[in-house]
Amino acid sequence: MAWQLDNDRPIYLQLMERIQRDIVSGRYHAGDKLPSVRDLALEAAVNPNTMQKALSELERSGLVYSQRTSGRFITEDTKMLEKLKNDLAGEHIREFLEKMKHLGFPQQEIMELVEQTLKEENK
Amino acid sequence: MKPIIECRSLSKKYGEFYALNNLTLSLGRGEIVGLLGPNGSGKSTLIKLVNGLLTPTLGDILIDGMRPGVESKKIVSYLPERTYLSGHRKVKDLIEYFDDFYDNFSKERAYDMLSHLEINPGARLKTLSKGTCEKVQLILVMSREADLYILDEPIGGVDPAARDYILNTILTNYNENATILISTHLIHDIENVLDRVIFIRNGQVVMNTSVDDIRMEQGKSVDTLFREVFRC
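Just so you know, the sequences run in chain order A and B.
Numbering follows this note's numbering, in which position 13 of the first sequence is assigned residue number 13; successive positions increment by one, without gaps.
Numbering follows this note's numbering, in which position 217 of the second sequence is assigned residue number 217; successive positions increment by one, without gaps.
In short, the hints are calculated from the structure, not lab data.
Watch out, some of these pointers could steer you wrong.
[Said to hold, decoys possible] As a list, the in silico EDC-like pairs of lysine to aspartate or glutamate whose alpha-carbon atoms are at most 20 angstroms apart:
#1 B/Lys130 with B/Glu81
#2 A/Lys33 with A/Glu43
#3 B/Lys90 with B/Glu118
#4 B/Lys220 with A/Asp6
#5 A/Lys83 with A/Glu43
#6 B/Lys220 with A/Asp8
#7 B/Lys220 with A/Glu59
#8 B/Lys74 with B/Glu176
#9 A/Lys83 with A/Glu59
[As the list claims (entries may be wrong)] Coverage of chain B stretches by chain A, computed from C-beta distances (three or more under 8 angstroms per stretch; other residues unrestricted):
#10 27-38
#11 164-172
#12 215-226
No residue lacks a Cβ here, since even glycine has one placed at the ideal position from N, Cα and C.
Modelling step: build the complete structure from the supplied sequences, incorporating the hints.
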């Protein structure tokens, strides 16, 4: 099944985000080997050059590293992975707050609503 | 390295009508390129010139530095818009035919793809559905180890699942030294597999840009941009 991609943003950015998400959600663990560019491109149903670019960018950020002949691996720096997780969480929260602000909710009310929803979920 | 396709001030005139008008274009290796334009913009004329099926009225066209001819055809694998294969022939006979005709044809690859799609090699072409027929033709074309693949409307007549398979086949057989030129109207379906798109209008190139550059600079898909540029 091809990856779901938006129409209005660069494809390589979306591939980077998807791989980051797969790392955070535990599909890949620290030190794991990533599939080859070709296999990832086939899985995503995207151009291999675009996948290559996404992986090079991830490499530049330090999240993955390549070993000459044996392929690409996820970093073993667990602090970095922890930070990635927090960054992604922060992004989602900011996006959520932005949307709630658009709907006209003040901060205090947003907090109350979140707590209320959590309570209902946990019932 | 020489460009795989180079057009210099290329023109093709039918009577008084210029199908291509002073077109200049250079394509490198290792890219999957979409050739996009409305009906009558000159796409098919360009493709026919690349394949030596037409000769230029003015200007030059070079394939890996060569004028189109026997030598260039050895390195170009071409899927025409309409088939030239006889419906009476069996799939396996067509494979023999291609194997005999082209040095760079891989029978193994062809049979591999056929079995993957559960197409019976003993079937005659005319007994197959339109979609299966298109798949057979694509398999023949992609089973060659070519430097340039030209696919004219490869996904036009098939259902979305077969479309996915065809795109998958293109991606699987893609190699870094080859260029794939795809002409189609179904931009949305192939956008993600393209490196670059060439918009052509009234026989001229109006845009030659990478897909991600379009998205980055315009914040929209190639499909949307196409609809804007070529609004009727």
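Consistency of the hints with the structure:
A threshold of 20 angstroms between alpha carbons decides the hint, and for lysine 130 of chain B with glutamate 81 of chain B the separation of about 13 angstroms falls inside it, so the pair holds. With a C-alpha separation of about 16 angstroms, the suggested pair lysine 33 of chain A and glutamate 43 of chain A falls inside the 20 angstroms cut-off, and the hint holds. Proposed proximity of lysine 90 of chain B and glutamate 118 of chain B is supported: the alpha carbons are some 15 angstroms apart, at most 20 angstroms. For the hint linking lysine 220 of chain B to aspartate 6 of chain A, the alpha-carbon distance of about 10 angstroms falls within 20 angstroms, and the restraint holds.
As the CA atoms of lysine 83 of chain A and glutamate 43 of chain A are separated by approximately 27 angstroms, the hinted pair breaks the 20 angstroms bound. Restraint check: the Cα-Cα separation between lysine 220 of chain B and aspartate 8 of chain A comes to about 4 angstroms, which is no more than 20 angstroms; the hinted pair holds. Restraint check for lysine 220 of chain B and glutamate 59 of chain A: the C-alpha separation of about 27 angstroms exceeds 20 angstroms, so the hint is violated. Restraint check: the Cα-Cα separation between lysine 74 of chain B and glutamate 176 of chain B comes to about 18 angstroms, which is no more than 20 angstroms; the hinted pair holds.
With a C-alpha separation of about 16 angstroms, the suggested pairing of lysine 83 of chain A with glutamate 59 of chain A holds against the 20 angstroms cut-off. Given as covered by chain A, the stretch 27-38 of chain B passes the check, having 3 residues with a CB less than 8 angstroms from a CB of that chain where 3 are the minimum. Counting residues of the stretch 164-172 of chain B whose beta carbon lies closer than 8 angstroms to any beta carbon of chain A gives 5, which reaches the threshold of three, so the coverage claim holds. Beta-carbon proximity to chain A at under 8 angstroms applies to 7 residues in the stretch 215-226 of chain B; the threshold of 3 is reached and the given coverage holds.
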